[in-house]
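Chains Y and F, in that order, are what the protein sequence lines are. Per the numbering used here, residue 1071 is the first one in the first sequence, and the count goes up by one each step. Per the numbering used here, residue 139 is the first one in the second sequence, and the count goes up by one each step.
Quick caveat, the hints were computed from the structure, so don't treat them as lab data. Incorrect hints may have been included.
Here are the computed lysine-lysine pairs in the BS3-like style, where the Cα-Cα straight-line distance is at most 25 angstroms [claimed, not checked]: (1) Y:LYS1145 x F:LYS389; (2) F:LYS290 x F:LYS278; (3) F:LYS501 x Y:LYS1392; (4) Y:LYS1386 x F:LYS501; (5) Y:LYS1080 x F:LYS500; (6) Y:LYS1386 x F:LYS500; (7) Y:LYS1391 x F:LYS501; (8) F:LYS501 x Y:LYS1080; (9) F:LYS500 x Y:LYS1391.
Partial list, computed: chain F residues near chain Y (C-beta under 10 angstroms) [as the list claims (entries may be wrong)]: (10) PHE381; (11) ARG403; (12) PRO409; (13) PRO459.
Under 8 angstroms between C-beta atoms, here's a sample of chain Y residues computed to sit facing chain F [said to hold, decoys possible]: (14) GLY1122; (15) GLN1124; (16) MET1127; (17) LYS1145; (18) LEU1146; (19) TRP1147; (20) ASP1148; (21) ASN1149; (22) ILE1160; (23) ILE1161; (24) TYR1164; (25) TYR1181; (26) ILE1345.
As the structure is a prediction and not an experimental result, all values here were calculated from the model. Ideal Cβ positions, reconstructed from N, Cα and C, are used throughout, including at glycine.
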Amino acid sequence: MKLKRRDFLKATAGSGLLMALAQPSKILAHSDKKALPPEAVGILYDSTLCIGCQACMVSCKKANDMPIDSSDVEKLWDNPQDLSAKTLNIIKRYSEGSGQNKDSETDGYAYVKRHCMHCLDPSCVSACPVSALRKDKQTGVVTYDKGACIGCRYCQVACPFNIPKFEWESTTPEIVKCQLCNHLLQQGEISACCSVCPTGASLFGPVDELLTEAKRRLNLKVGIYEQFPVNAFGKNFKSKYVERKVARYVQHIYGENEVGGSQVLMLAGVSFNKIGLPDLPEESFVRLADGIQYAIYKGMAYPMVVLGALIYMVRKGNDTKKKSE
Amino acid sequence: MKDQNLPDPMREQLKGVSRRDFMKFCGVMAVSMGLPMGAGVQIAEAITNPKRRPPVIWLHGQECTGCTETLLRPSHPSLEHLILDLISLDYHETLNVGSGHQAEDALLKSIANNAGEFILVVEGAIPLKDGGIYCLIGGKPFVDLVKETGAKAGAIIAIGSCAAWGGIPSSPPNPTEAVGVPQVLQGKTIVTIPGCPPNPYNFLSTVTHFITFGRLPALDHLGRPKFAYGRLIHENCERRPHFDAGRFAEKFGDEGHRNGYCLYRLGCKGPVTHANCPEILFNEVGGGTWPVGTGHPCYGCTEQGVGFNMPLYSITDIPQPTPFANQAPIQPSRPSPHSTAAVAVASAAVGATIGASVMAMKKLGDSEDKKNSSS
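Using the sequences and the hints given, assemble the complete structure.
Have a look at this one:
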């Protein structure tokens, strides 16, 4: 049969109409945040407590056996400019004007720690066609299995935080991302970055308790001296505390609701988009994509329409043929 | 002496040193070895009531006597206190009163009497070429002397870089095939105290540890005491903050050099040299009394393959880089991937594709119309 332009356009329009009618947002109306895994652990990063010492970066490299990532010609320092296949965790610095005042948006500076957020509903896991990326059912850690990975790099495109990196320089490349030091967690230890943080800026613990702690901090009076837990926090840990002056927080916990919530939570003294964290909707991208898919295929509607259109075109084609004979 | 309550034998032993000074010395010794303060008391006991002063035999090979010289510098203990009260120095070519056959007899007697107990200290490298004839002591090749004495020693200390691995005499082209003690006495535990000269306290602390506890301090894979050679110069250097911040002296006498900036670019070997120079300094005259403190780069005398081997002002690698003092920016600056030419080519390609699609659709329509009209 020959495809007629008119029929082709008709079928296309039909499909589009169906998708529009499906209205994913309506179908998602009942949707709520995915529940925390039962033993969900994560990190609370408090930018106001961070002193930019980069001990977490050193510790991360050691714990995960990562190579040096030098951006200077002489290779004097391990000074990555961004997350890369050699760097799972990085401290970055926001600086404006004279850059003198901590946690100030004008003439100030602020630090941010970037690594995997361990989303509750991770886009990378959804995008991965071979389940090389998985979310642990108990701890919620998003892990990577190099044996299963086919190198399609969909996860790189899917991640709203730009976390998974690809070993472009390797002949047998893998995806590289923070796995919350899963190998240490299994030995009963905590993530390497948190175990060395001297100020408690990176705090390890169960996500629900970290969230409580984050909310407590947002309600503290600015300028008073307050005890902040160091290294690990929660009922399973005996926390050490250090005394610090309470900074002026932005009244928002980044990661509490962003794209369905994550197990890494962040507090800061400057607005989050200034320190490179994107403004994201509360709805997880996975939910959105799933919604569209489920809506289209509800009651086999989409295949039926396509099949119908095909049958129609074939019949019409046959008719034309008969007529011409 | 002030303190009259001391028991007589102890007062006699101390010979004019006040009790306070003595206890201070013991405390300093303990701390310099990284031992708890309480160990100072143990050290005091071991030194004031030695079961017997440990016999020491000190041999000299291919050397400059700098390592012996360095022992003149410390004040706790001073050289005379060391050799008269703490140890029994049975043989030392620089300090022997007797000479010739008399001195050699003393050596042989001490070896025979104290077999398995004496401390053997070797200073200087050992030449091996042509049967070791390039260093003869009493008509005997030095290498044979070391082998004979080493076989009966209770503990062996190789003082100085020459004894530790060959040092200056072993520098290329090494005409006498000089080696260190560990290469001659293979299979034995040998404490090496490299340095040119080594810090006297690294040697004294090792001896004191041996006298006090009856065993040697913890050693690394090259036989160096960990308390002294456990860390790189770079790790404890007073100029380290300048390195981390990227502030370097580029030339001797330039602005950075006068301001005490890092000497890495002048050829400092601190990043590859293990030693405690920045911590214990030299000669007890206050801060800054070590090579880097005086404004000259470290030349790596305590590290085999660095000192006397790498060119003095050559730049080393950094084996374990640590982060830069400045952090990465939020948005790293990258050269724009969009050159004008690339944009032009890409636009042309997009344009061509759109044009081709339009034409294809048009043709599809045309052929249909033609067919319809012909039928």
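Hints, verified against the model:
no., hint, in the structure
1, Y:LYS1145 x F:LYS389, "holds (20 angstroms)"
2, F:LYS290 x F:LYS278, "holds (18 angstroms)"
3, F:LYS501 x Y:LYS1392, "holds (23 angstroms)"
4, Y:LYS1386 x F:LYS501, "holds (20 angstroms)"
5, Y:LYS1080 x F:LYS500, "holds (16 angstroms)"
6, Y:LYS1386 x F:LYS500, "holds (21 angstroms)"
7, Y:LYS1391 x F:LYS501, "holds (20 angstroms)"
8, F:LYS501 x Y:LYS1080, "holds (18 angstroms)"
9, F:LYS500 x Y:LYS1391, "holds (22 angstroms)"
10, PHE381, "holds (8 angstroms)"
11, ARG403, "holds (9 angstroms)"
12, PRO409, "holds (9 angstroms)"
13, PRO459, "holds (4 angstroms)"
14, GLY1122, "holds (5 angstroms)"
15, GLN1124, "holds (4 angstroms)"
16, MET1127, "holds (6 angstroms)"
17, LYS1145, "holds (7 angstroms)"
18, LEU1146, "holds (5 angstroms)"
19, TRP1147, "holds (4 angstroms)"
20, ASP1148, "holds (4 angstroms)"
21, ASN1149, "holds (4 angstroms)"
22, ILE1160, "holds (6 angstroms)"
23, ILE1161, "holds (5 angstroms)"
24, TYR1164, "holds (5 angstroms)"
25, TYR1181, "holds (7 angstroms)"
26, ILE1345, "holds (6 angstroms)"
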